[in-house]
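S.K.: Sequence:
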Amino acid sequence: MVLLIPGLPQSSLAQVNIGVTVAFAPPDLPVYEQPICPGEGYLWTPGFWAYDPDFDD
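Number 33 in my numbering belongs to position 42 of the sequence shown; there are no gaps in the numbering.
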């Protein structure tokens, strides 16, 4: 027997699943020649780049 009391919240068991699939690989990473660091304590890092399939169009 179930006793329902008005005013008390009822629990709900809801689930949501989202999946994402990418069917192609990213481009190869660019190769940089590392320049000489200007002094002790400096660290060289490559610049920002982003993949743009329309760049050469």
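No lab work stands behind these hints, which were simulated from the structure alone.
The beta carbon of each residue, even a glycine, is placed where N, CA and C say it ideally should be.
Keep in mind that a hint or two might mislead.
[Said to hold, decoys possible] Ranges of calculated distance between the beta carbons of each label pair, as one might list FRET restraints: (1) Y33 to S2: 38 to 46 Å; (2) G32 to N8: 44 to 52 Å; (3) V11 to D47: 22 to 30 Å; (4) C28 to Q6: 47 to 55 Å.
S.K.: Run every hint past the structure and note whether it holds.
M.R.: Against the structure, the hints:
no., hint, verdict
1, Y33 to S2: 38 to 46 Å, "violated, 58 Å"
2, G32 to N8: 44 to 52 Å, "holds, 49 Å"
3, V11 to D47: 22 to 30 Å, "holds, 27 Å"
4, C28 to Q6: 47 to 55 Å, "holds, 53 Å"
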